[in-house]
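Quick note, the sequences are listed as chains A and B, same order. Each position in the first sequence, counted from 1, maps to that position plus 45 in the working numbering. Each position in the second sequence, counted from 1, maps to that position plus 235 in the working numbering.
By construction, these hints were calculated from the structure, which means they are not laboratory data. Think of the CB as a built atom: it goes at the ideal place given N, C-alpha and C, for glycine as much as any other residue. Heads up, none of these hints are tricks.
A partial selection of chain B residues facing chain A, derived with a Cβ cut-off under 7 Å:
(1) F244
(2) A254
(3) R280
(4) R287
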Amino acid sequence: MSVRPIALQQAASPLHDRPTARRLLDFDWILLIATVLLIGYGLVMGYSITIEDRTFSGDVGQQMLRGVLYAVIGVSAMAIVALVDYAWLGTFAPVFYLLTLALLVAVLFGGQSTLGATRWYTVAGFKFQPGEFAKVFMVIVLAKWFADRDARSPLTLIGGLAILAVPVGLVFKQPDLGTSLVFLGMFVGMAFVAGARLWQLTAILAGAAAVMPVVWGVLKDYQRARLTVFLDPYSDPQGAGWNIIQSLIAVGSGSLTGKGLTAGTQSPLGYLPISESDFVFAGLAEDLGFVGAATLFALYVALLLSALRIAYRSRDAFGSYLAGGVAAMLGFQIVVNVGMAISLMPVTGIPLPFISQGGSSLISICFALGALQAISMRREQKAVA
Amino acid sequence: MSGRDVRVFVHPRRLAALALAMVGVFVVLGVRLWDLQVVQGAHYRELAEQNRVVRLPVLASRGVVYDRTGRLLARNDPGFAVNVLPVDVPRAREAELASRLAPLVERGAEEILKAIGDQRVRNPYEPVKVSARPVPRDVALLLVERAEMYPGVRVSGEAMRSYVDGPLYAPLLGYVGPIDEEEFSERKDAGYLLRDTIGKTGLEWQYERYLRGTLGWREIERDASLRELRTLALVPPKPGNDLVLTIDDRLQKLISDELERGVREDRFTQAVGIAMNPQNGEILAMVSIPAYDNNAFIQGVSNAQMRAWNSDDRHPLVNKAIGDIYPPGSTFKMVTGLSALSTGVATRNTVVNVNTNVLVVDGWKFYDWRVHGALDFVNGFAHSSDIYFYTLGGGNPYSGQRGAGPEALAKYGRMLGFGTPTGIDLPGEASGIMPDPTWKLTTFDEPWTLGNTYHASIGQGFVAVTPLQLLNAYASVANGGTVYRPHVLKEVRGTDGTVVAAPAPQVARKLDMRQEDLRLIREAARRVVTVGHAYMPNAKLPIAGKTGTAEFGESQGVDAAGRQRLGFHNWFVSFLPKEDNADPTAEIAMVLFTFDSSRSVCDVCFNPAVALTQRILEAYRGGDGKVGVP
Chain A
46 MSVRPIALQQ
56 AASPLHDRPT
66 ARRLLDFDWI
76 LLIATVLLIG
86 YGLVMGYSIT
96 IEDRTFSGDV
106 GQQMLRGVLY
116 AVIGVSAMAI
126 VALVDYAWLG
136 TFAPVFYLLT
146 LALLVAVLFG
156 GQSTLGATRW
166 YTVAGFKFQP
176 GEFAKVFMVI
186 VLAKWFADRD
196 ARSPLTLIGG
206 LAILAVPVGL
216 VFKQPDLGTS
226 LVFLGMFVGM
236 AFVAGARLWQ
246 LTAILAGAAA
256 VMPVVWGVLK
266 DYQRARLTVF
276 LDPYSDPQGA
286 GWNIIQSLIA
296 VGSGSLTGKG
306 LTAGTQSPLG
316 YLPISESDFV
326 FAGLAEDLGF
336 VGAATLFALY
346 VALLLSALRI
356 AYRSRDAFGS
366 YLAGGVAAML
376 GFQIVVNVGM
386 AISLMPVTGI
396 PLPFISQGGS
406 SLISICFALG
416 ALQAISMRRE
426 QKAVA
Chain B
236 MSGRDVRVFV
246 HPRRLAALAL
256 AMVGVFVVLG
266 VRLWDLQVVQ
276 GAHYRELAEQ
286 NRVVRLPVLA
296 SRGVVYDRTG
306 RLLARNDPGF
316 AVNVLPVDVP
326 RAREAELASR
336 LAPLVERGAE
346 EILKAIGDQR
356 VRNPYEPVKV
366 SARPVPRDVA
376 LLLVERAEMY
386 PGVRVSGEAM
396 RSYVDGPLYA
406 PLLGYVGPID
416 EEEFSERKDA
426 GYLLRDTIGK
436 TGLEWQYERY
446 LRGTLGWREI
456 ERDASLRELR
466 TLALVPPKPG
476 NDLVLTIDDR
486 LQKLISDELE
496 RGVREDRFTQ
506 AVGIAMNPQN
516 GEILAMVSIP
526 AYDNNAFIQG
536 VSNAQMRAWN
546 SDDRHPLVNK
556 AIGDIYPPGS
566 TFKMVTGLSA
576 LSTGVATRNT
586 VVNVNTNVLV
596 VDGWKFYDWR
606 VHGALDFVNG
616 FAHSSDIYFY
626 TLGGGNPYSG
636 QRGAGPEALA
646 KYGRMLGFGT
656 PTGIDLPGEA
666 SGIMPDPTWK
676 LTTFDEPWTL
686 GNTYHASIGQ
696 GFVAVTPLQL
706 LNAYASVANG
716 GTVYRPHVLK
726 EVRGTDGTVV
736 AAPAPQVARK
746 LDMRQEDLRL
756 IREAARRVVT
766 VGHAYMPNAK
776 LPIAGKTGTA
786 EFGESQGVDA
796 AGRQRLGFHN
806 WFVSFLPKED
816 NADPTAEIAM
826 VLFTFDSSRS
836 VCDVCFNPAV
846 ALTQRILEAY
856 RGGDGKVGVP
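Modelling step: build the complete structure from the supplied sequences, incorporating the hints.
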């Protein structure tokens, strides 16, 4: 009577998807609502910061239209990915990997630079940052890698690291220290979710710590300064500490309820560097205060916990690790970006999901969340019940 | 069903741990945010305001200076100052900034670096001026347009003081310059800034309080690259008040032109001319030659120029009208005469028979410049007989006449203002020397001799006066006995033309002398001219006065200008009675002092000051005989 069910095998195949009607009912509504609210929040902040920026010379309406356009593209991408069985993503994992490498190599040779880093190129008038897509693609690649192997084997971990090493190296070369760190954080998170032995994970972290002096030697001076100055920003208030101090002033001066949308003074006056991206959180905390920041945190927590719940309910290992990887990636970025703004973390150029302005970040995240919805819609009902 | 078993790929505890970790991290972030925003919110809000809003001082424009007729003597020309706000200069870029600014403001990079460094310690939120003198417009524009290359640099309008006639008024006006450390530490509570300008000497120093005005403040909002976005508040500065001097520019130029011509024609090497109104102490003109160009101090005077001025034996930086002392020579016979008249040892009828040109006392010989014969007071004064005044001052052992004595000379000399500053409203006034036996004993530890009295009686020996003291003494006699404190400030006017202050004439003291004695001096002084001792051909004005020759200094070698030095110096101190009488109504008195003038034994023939006085006063009065100051 105890016939080993083969449903699992079937379900894991993209050729055996379930009927659409039932799938739609299993949509993760909390994740969807959190996503939509966060996208809306990002649009509102984009508006506020654009209005506040008195040095902004472009058309505010056009700027907003661009933001809305990114949101529409992002939501569409999310819907499409959600409707397709995510198993296809696993099937095409090698393609995603090669695509990632191609994009990163292309940006190194044909990309455009800002502030000494080559991170983007222009496609049809839009800035395209391959690093943002690379993060999502590598989540897929690594999820597939861990799903097909025994995560408790050190070979799996070493192999995964080897796969990761190439894109990390390419991103580091841009140089984009922040994205490199996101890759590593993401990898550790995924290995943890996949069940890698803790001592092996500890060994990896120890190894990372061991190569730190080497990395330190490779770093550019400004990167080193940014990495250490957060410990005492007032040691160089006019130099490396400037960004952090100004960010702290922006956050602190927001007080409980903030100065009001478009009423902030730190980011519009240019005291906040890269206020629309790296230090966007400081602008948000200044405009909307603790209340606004706490609301943002609540939305993030809802999103992240939904992602973990999807990982828990997933019908297969690939879906579970994919969801866990997306949660780790987003969580890592949020913590590092916010931590930077309030001087708990070193300054690294990592965008804040949804809030930082930029199409690549938003669209790639929507893509990943679409995959999460796909996993949710194809979850194993009984296992959860 | 073994659904759970087959789902070995899911590790619920790990997912739970991850969820817990994430929530934990957000709690940490939330607590930190609470601390920053709610607990320390007010503090950071203040910092944000400070960031955004800067309070900048706005300098008040300095008052200008007019003569009594409304002619501009000192004005402000537009220029630019270069300032650095240390708080806006990253330390790492300090040296780079200093070396970039150095050629533009024509100062050394180290100097600029030090100025910024010092100000960083003092108050980094206040700009420090790094340009020693105003920079031209194109430099100012460059600094503004390439702001990113010059962090913390601010360019402000800075009026450049300009002295219309340069050396003509330099001894009077002085000049302004950048405040120095000592001046600043004394005045920082009085609203002075480190990059301030302050009156250094002359009237600019004397009336700094009127000229300066009051600082204003401007609160500006700025962005992080320190561009001013808008002015939030403006407390406008109160411009300094204008000075109207008692000086009459026309007379000043008349005197200066005549004296300059005398120097050019090598009739003397240095000269002083002062004119005043004896009725109220107003100085109408004050000329000191050679002088310096006070505009040079505004442009930034070179060390070489400064050395040259300091080592020049003609003392161009000194206002010789008040700052140098000279023997008054025969002009001092007025003091001797008044002492003798006041003590009663002489009257207008006292006759001394000058039948020799030398008075021998105890083997010492005291000369007169000629044998005069019998002289009464008026003629003794008019012909400037030395022996007549030796007798009035120290007595005459041959005729048995008594003299006034050294104590009386000192007493009446001091009453007339000798030996103490007149109190004019100018810095650097000398006291002069009015000697008496006590003074000689304390100064030289030697007893007074009759010879000392004789020398003092004719304004030689120890007696030393400033030209202004001499003029003021004669003015007090000319006005009937009132010693005024001379002054050059007529009134202080606000920018709207209202009179803010108008100092009343100040009486230093009244002469304790008989009016008839003063009248006798005036009569005798007029006789000096009418007998031809002070020869004034075709005189159009009833000028009265007294000549004097002071003998001191070397008569060999050349001075700094290469002119022959002569130890003879001529005085003519005069006043202009309304009519040809001796009433105390004169409204103009003048002293001319010509240094290194003609080598002469008689002080009539070649005293250049006499002819100059006639020319100047006739030109000033237009020869119409009308007296009175415009």
